[in-house]
Each structure stands twice: as structure tokens, then as C-alpha cells.
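Number of protein chains: 2
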Amino acid sequence: MMDQIQATIITIGDELLIGQVIDTNSAYIAQKLNSIGVQVHQRIAVGDEAKSITNALDRAIQSSQVVLITGGLGPTADDITKPLLNRYFGGKMVLDQPTLDHITYIFEQVHKRPMIERNRKQAEVPDVCEVLFNQTGTAPGMLFKKNNSLIFSLPGVPHEMQWLTNEKVLPIILERLKLGVIAHRTLLTAGVGESFLAESIQAFETNLPDNIKLAYLPSYGMVRLRLTGKSDDAASLNSQLDTLFELLKEQVKEHLVTDKDETIEVVVGRLLKAQNHTVSTAESCTGGYIGHLLSKHAGSSTFFTGSIVSYDNRIKTEFLDVPTSILKTVGAVSKEAVEQMALAIRSKMNTDFGISVSGIMGPSGQTDEKPLGMVWIGVANKEKVVSKVFYLRFDRQKNIEVTANQAINLLRLLIINKI
Amino acid sequence: MMDQIQATIITIGDELLIGQVIDTNSAYIAQKLNSIGVQVHQRIAVGDEAKSITNALDRAIQSSQVVLITGGLGPTADDITKPLLNRYFGGKMVLDQPTLDHITYIFEQVHKRPMIERNRKQAEVPDVCEVLFNQTGTAPGMLFKKNNSLIFSLPGVPHEMQWLTNEKVLPIILERLKLGVIAHRTLLTAGVGESFLAESIQAFETNLPDNIKLAYLPSYGMVRLRLTGKSDDAASLNSQLDTLFELLKEQVKEHLVTDKDETIEVVVGRLLKAQNHTVSTAESCTGGYIGHLLSKHAGSSTFFTGSIVSYDNRIKTEFLDVPTSILKTVGAVSKEAVEQMALAIRSKMNTDFGISVSGIMGPSGQTDEKPLGMVWIGVANKEKVVSKVFYLRFDRQKNIEVTANQAINLLRLLIINKI
Chain A
1 MMDQIQATII TIGDELLIGQ VIDTNSAYIA QKLNSIGVQV HQRIAVGDEA
51 KSITNALDRA IQSSQVVLIT GGLGPTADDI TKPLLNRYFG GKMVLDQPTL
101 DHITYIFEQV HKRPMIERNR KQAEVPDVCE VLFNQTGTAP GMLFKKNNSL
151 IFSLPGVPHE MQWLTNEKVL PIILERLKLG VIAHRTLLTA GVGESFLAES
201 IQAFETNLPD NIKLAYLPSY GMVRLRLTGK SDDAASLNSQ LDTLFELLKE
251 QVKEHLVTDK DETIEVVVGR LLKAQNHTVS TAESCTGGYI GHLLSKHAGS
301 STFFTGSIVS YDNRIKTEFL DVPTSILKTV GAVSKEAVEQ MALAIRSKMN
351 TDFGISVSGI MGPSGQTDEK PLGMVWIGVA NKEKVVSKVF YLRFDRQKNI
401 EVTANQAINL LRLLIINKI
Chain B
1 MMDQIQATII TIGDELLIGQ VIDTNSAYIA QKLNSIGVQV HQRIAVGDEA
51 KSITNALDRA IQSSQVVLIT GGLGPTADDI TKPLLNRYFG GKMVLDQPTL
101 DHITYIFEQV HKRPMIERNR KQAEVPDVCE VLFNQTGTAP GMLFKKNNSL
151 IFSLPGVPHE MQWLTNEKVL PIILERLKLG VIAHRTLLTA GVGESFLAES
201 IQAFETNLPD NIKLAYLPSY GMVRLRLTGK SDDAASLNSQ LDTLFELLKE
251 QVKEHLVTDK DETIEVVVGR LLKAQNHTVS TAESCTGGYI GHLLSKHAGS
301 STFFTGSIVS YDNRIKTEFL DVPTSILKTV GAVSKEAVEQ MALAIRSKMN
351 TDFGISVSGI MGPSGQTDEK PLGMVWIGVA NKEKVVSKVF YLRFDRQKNI
401 EVTANQAINL LRLLIINKI
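Read top to bottom, the protein sequences are chains A and B.
Mapped onto our numbering, the consecutive letters of the first sequence carry residue numbers 1 to 419.
Mapped onto our numbering, the consecutive letters of the second sequence carry residue numbers 1 to 419.
Hints listed in this document are in silico derivations from the structure and should not be mistaken for laboratory results.
It is possible that part of the hints are untrue.
Copies of the same chain look alike in the list, so a pair counts if it works inside one copy or between any two.
In silico PhoX-like links for lysine-lysine, alpha-carbon gap of 20 angstroms or less [what the hints assert, rightly or not]: (1) LYS213 with LYS328; (2) LYS146 with LYS51; (3) LYS260 with LYS145; (4) LYS230 with LYS51; (5) LYS82 with LYS213; (6) LYS388 with LYS51; (7) LYS121 with LYS146; (8) LYS178 with LYS146; (9) LYS112 with LYS51; (10) LYS249 with LYS82; (11) LYS398 with LYS51; (12) LYS398 with LYS146; (13) LYS273 with LYS382; (14) LYS112 with LYS370; (15) LYS260 with LYS121; (16) LYS112 with LYS388; (17) LYS382 with LYS418.
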């Protein structure tokens, strides 16, 4: 097999090293590089400090034909990347006129306020780089070459970095490097633990050819399986992967949610759209997070109608007709309460389906009968209402996320008549 | 100054390199290490591949007295870390009885199902490590020593990694290494751009002593400023930082939201709790995300009552009394609509404050008069209703997040009588 093109991603910024900011840029870039067959073999995060950045660059260029640097290009004084790259590659700073014109335009026409010296400085670039014009912001991207490596430097602002990656970086890599191929197939399962899943497909995994790997990725109380293949030839790799993927799907069919790399709310949104059906949610412990998941993707207004978040028990009674007798006897975290909530929201918002949740997300609020992490989930359609209890063992934030995902999965099971 | 203890974080997992999973573990560990004065000077992410892991270990041990490895310790076959560490440190695998007892207990008493061979294997550890007993899961942590470095290996499951970090890793580091001190002061500003903020405090920044750094961190349309100081002596460093921080707060006082490292919803939650006041939300384009932010922290039930998510315009009329005449003339994304929504939710849920939002989050839905990213936000108390329009330029997901944060900030301004 031909050698895979190897890439290193370097992210720069003290905020990444003290943990104040989570690095989502690296994941985005890695995904995009993978999609064109470039394998990211390491990611390095370093602080705003010349020696660390220089060391990371040395190592990256030694081991990788593609190096992507992000962060450290904003207008403020903690940004030292550009002058450092200039010294590293032995250039001198020159003004890039298209970038200056663009910055001037943004300030005069968009922000409608005067440009300050700091902003003008963003148009200066090392004369040894190819400027990657940035349509979406004031800091340009830059491309340097050293030995056999292409070194891209991109701003850290996510939407600017994303635009430059798609419009400049990927086309340049595709054009200038001869690429091997990497491809993935991903499916999502629900209702089965990682260990048991692994046990049940052990033979399949053991018999995989050398160029194919299987990975298990936990996903909000469900498990994703991913096959990754490498080859010189896209057509034969895809056909090989397709065959194995069919086999894998067959083996896990009882638990299969989707055979695409997508989230549960996207699956359910598609099911609802296909049937021209709508859904509303009655949420307690998730505080609106289920509504957020259902509406975060474009096009959700065709199936998501709305929610009532009844965080206070008073709202459960006043807006969702949960009798105070239920709240007083079995309580808000009960089968009785969530079934009433699911029926009420469906009826009041006049939707085909209703979802409800009520639980104890932690870190306190438990009783002798109701432990931390106990959550009741209900779903209703015009024929019936179904509810299920879960016992989660994560922290508050994760319990909320898992509850929302499990609620949407329970709706899926109702839609496809599995409950 | 004494040398700072340097740390490297190594995260292992193909999923990190193909961008399928975002690495939140590193941020958590970095924060914790920083809090005890250990400086993370690099983070390395590598795939499930022996050579890359070995290289990363070599480099980390060369440059760092503390090395933290996470990931790659789950029960499935893509996990190669433990045997690799065993070879790397020249050990042989032995059974750790306390861990086996714990695993057996979890399966018999908690899961109430038989333990399989894969699970039993998790109790095997290299005889050259100190086992870090994991109360919260089946995979133990491990501590190795080489040259002058402590090398910790932790499971990748976030709540297990977090427990082991707090209960085992930090106490061991504090006990065995003589630590220098690093400390931070963070504040949050709103209503001013990064460039203009930087311009206005340029003199302050230029005059900072060498051991103090200032960083600018964008945060959902607001800007965080962070001072970081290093020293041998905690008392003198803290006094130095306190003085500078007071100076900085004075310079940005017009835009100051909080002088703690906390999010806007925590600030507003505290303000509401202090006054014994409550809030409800009427959300359109955010789909429940504001309710989620207000309720994601423990203790929010004292001030957050609930929400109506009126994603469909019909719900705006039926549940929030927005007249169809408004929807037909000025539309749902208008001053008139959000002001009515804020008044209605406050009155219907009987809360002290109401928040409302309606906007065009993208990627489509714009008209000639109403561009993508246009969003109206309203807030009401018993005396008045105030609304403001924003024009956001991010992608859909980010637009939703910024809208929610700006809405909560507008509520803050109403609470403190600044609007």
C-alpha cells in the first residue's frame, strides 16, 4: 500500500492548557482531513510561548507532510504566532493589499466604525508565505513550505477556521499531494452495553482484514461502532467496507438505530418528516434540552412544534394538568406524572407525538425511594402512552444529556412500533 | 524563581484523530493540574497505535515531571494501552485483587448480571505500577515512574477520570513533588469588542510585570480577560495579582459582568437567588436552550420556574397571546412579538422576570428585511418590558448559543437597573 499522508494539528493558546476552553477546532479539522484521506496521527496543543510552538513545529514537520496550526492569530497582544512563524520560516513582514482592503471594507461597511492600528496589523504577513484570503474575517490564513511539508496557519475563530479549511486548505492538499484513501462506516446501537456488544461480535472483529479496524464509541448511553479502512484505491476500499458493514449491521440488527454517522435526534427528525408528523415536549429535569436537541438542526420547524418546561411543580399542574394528588402521593418523578405530562403536551400542542421527562439529575435531591439519577421518561401518540424508568450514574450535566438522548430514542421506538 | 513543574497530557484514541469525539477530558485535567500549580505545557493526542503512543511517551517523559494519559482503557478490543504500558515500563501482568473484588461486586450487586472474561481482564495490571483504585468504575488507574517523572494512566470515561484525578492524582502530586505556584484572576465583560477592549487597556497590559500575563478569551459575544501569574510564593503572588486585578476591574468597570471565572447564567442565577426572584422564558429560535442554561446548574429550581418554547407560530398565539395581526404584519422576529412574549410568559408563569427570543438562526429563513442571524430579545419585569435586536454572524449552533447568552445578559442588565 502506498504511504498514507500524515498530518499533525497544532493548536496554540494558553486557554487550551489551563482548560478554560475546550478544543473543538481540532475535531473539525481532523474530520475534514480524514474525509480526503489525510490521516491525523497526532494533535499537539501548546501555550502562547515561543519555545513550545517552535518545538511543536519542528516535531510536526519532521513527521508530517501536512501541518495545520490554529489559534494565536487574533488582534490582541497575547498573539505571538504570526511574528514567530515569520522568524521560523526566515521571512520579513509585508503588507497584503487584498487583506487590507477586506479589513477596511469590514470596518467601514459592516461594523461602521473606525479601524484601529491593531486591525491594520492583521493585514501584514510574512513574505515567505502564500496568503490564504479569508472571506469571513480579518485574519488571513497562511501557507508555508519546508522540506516536504505544507504548513497551514489559520485563525482560531471557529467559523473563519472552518471556511478557510474548506475553501483553501482541502483544495490545496488535494491538488498538491498524491493521496491514499481512508474511509469509515459508522452505525449507532441502543439498548446494549459496550462489553456485551463486543462479546457478541467478537468473531466478526477477529476476522477483520489487516487494513480494517473496528472501534467502539460510547454515545449518551448508546454505543457507536465504526469501521475504518485504509487503501490505495477508493473503489475497492469502499466495496470491501460495504460488504463488511452489511455483515456488521446484520449482527447487531436487533439494536441498530442508524447506519449513518449521525445523532439520535437527526434519525428521529427524519422519521417524523417522512411521515409528516409533529412532536412536542413536556420537560422537567432537562429544562428545555430535549427541545434544544430537536430544534438545533436546520429544517426542524417542520416537525418540532414546541415545549412546556415545567421546572416548578406548580407548572406541571397549571400547564400540564398533573393532579396535585399525584404530586403528593407518588411525586413528580413517577410513571403517573410523566404519562400525564406526555398525554397533556401532545393534546395541548396538538401534535402527533408527545415526550415527557421527570427525574433527579443531581448532585442532590434524592430520597430513600428515589436515588440520584433516577428518571422517568414518557412518550405518547394517539393510541397509547408508554413510560420507562432509567437509573443514570453520571454527573448532573451528563445525566441531562443522556436523559434527553434516551427520551428521543424512546420516541423512536414508539414511531417504529417497537414499544 | 524555582522551576515550574511541567506536565504533558496524552490522550489516546482514534476517535480523537478523526474528529468524531471532542476531547473534554484534557480541559478538565488541565484545569485541575493548574489549580495546584502544575503547568501543562503541552497536550498530545495520538491514535490507538503502539508506535505513536510510545513516541508520545518518550517525548513527554523527556520534557515533563508529570505525565497524564487517558483513554484506551475500556473493555473492548481496540484498547491497547495497558499491555503497551506494561511493555514500555518492563513489567509483567498480574491480577490486582482489590480491583477484581470491586469489578465482581459491580457486576453481581449493581448490574446484577454475570461478569464476562473481558471484564475480569480489567483487574490485570503491570506489576511495575502502583494501582490507583477506581471507586467509580471497572478500570483501575495506574502510576508508573521513570527518570524523574510520574506517569499516570487513567480510564477515558469522564466521570471515572475525574474521580481518579481528584482523589488520587492530585494528592499524589502534591505529596511527592515540591510545587511552584501559578494563579489566575478572571473577569467577564459584555458590550465591548475584543479589539476596543485591548486598545483601552493597552497601557495596563504593557506595564504588567514579567511574571504576569493577560489573555483575551471570547465568550459567546462577550470577552473574558484572564491574568495569569507565576511565582515561588503563593502569598506574595496572590497579593500581587489582587492589586493588578483591582486595577483591571477599575479600567473595564463600565463593561464588567463578573470578577469570577463563571458563566453569565451563574451570575444571573446568583442575582435572582439573592433577591428571591424567579424567571421564566418564552423561546422561539433557541428551542429551549435558555431554559437549559438556567437549569443546568444545581440549585436552579429556586429561581427558574419554566418555559414555553413556541417554535411554531401557532404556539406563540395560543400560549403566549401574540396576536396574529403582529405575526402577519411585522412578523415573529420583531420587537412587538418578543415584547408580548416576555410579558405573557412572566404573567402566565407568575414570575418576577420574563425572557423572550425570536430570530433567524440559519442557515436559511432570511428575507430582504430580516437577514440571517437577526434576533430580537425581550426581557420584562413588573414595571417594564425592554427589547433589543442583535445581528449575529455565526453558524446555526453558535447563533443559538450566543442568543441564549445575550438574552441572559439582557436580563442581568434589567435586574441591576442598567436598562
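Homo-oligomer pair classification [LYS213, LYS82; C-alpha up to 20 angstroms]: between (39 angstroms within a copy, 19 angstroms between copies)
Can you give me the call for LYS230 and LYS51, within, between, both or neither, at a CA distance of at most 20 angstroms? between (36 angstroms within a copy, 18 angstroms between copies)
Homomeric proximity label, LYS260 with LYS145: Cα distance no greater than 20 angstroms: neither (37 angstroms within a copy, 43 angstroms between copies)
Within, between, both or neither: how does the pair LYS388, LYS51 come out at a Cα-Cα threshold of 20 angstroms? Answer is neither: 56 angstroms inside a copy and 46 angstroms across each miss the 20 angstroms cutoff.
Between the shortest in-copy and the shortest cross-copy C-alpha distance, which are at most 20 angstroms for LYS249 and LYS82: within, between, both, or neither? neither (49 angstroms within a copy, 30 angstroms between copies)
From the Cα coordinates, with 20 angstroms as the cut-off, is the pair LYS112 and LYS388 best called within, between, both, or neither? between (56 angstroms within a copy, 19 angstroms between copies)
Please work out whether the CA atoms of LYS382 and LYS418 approach to 20 angstroms or closer within one copy, between two copies, in both situations, or in neither? within (16 angstroms within a copy, 49 angstroms between copies)
Are the CA atoms of LYS146 and LYS51 at most 20 angstroms apart within a copy, between copies, both, or neither? within (19 angstroms within a copy, 25 angstroms between copies)
Up to 20 angstroms between alpha-carbons, please classify LYS121 paired with LYS146: within, between, both or neither. neither (25 angstroms within a copy, 47 angstroms between copies)
Status of LYS51 relative to LYS398 across identical chains (alpha carbons, at most 20 angstroms): Neither way: LYS398 and LYS51 sit 38 angstroms apart in one copy and 33 angstroms across, limit 20 angstroms.
For the identical chains here, do LYS178 and LYS146 meet the 20 angstroms Cα criterion within one copy, between copies, both, or neither? Only inside one copy: LYS178 and LYS146 sit 17 angstroms apart there, 41 angstroms across copies, limit 20 angstroms.
Alpha-carbon proximity between LYS213 and LYS328, which holds within one copy, between copies, both or neither at 20 angstroms: neither (54 angstroms within a copy, 56 angstroms between copies)
Consistency with the previously given hints fails for numbers 1, 3, 6, 7, 9, 10, 11, 12, 15, ordered from lowest to highest.
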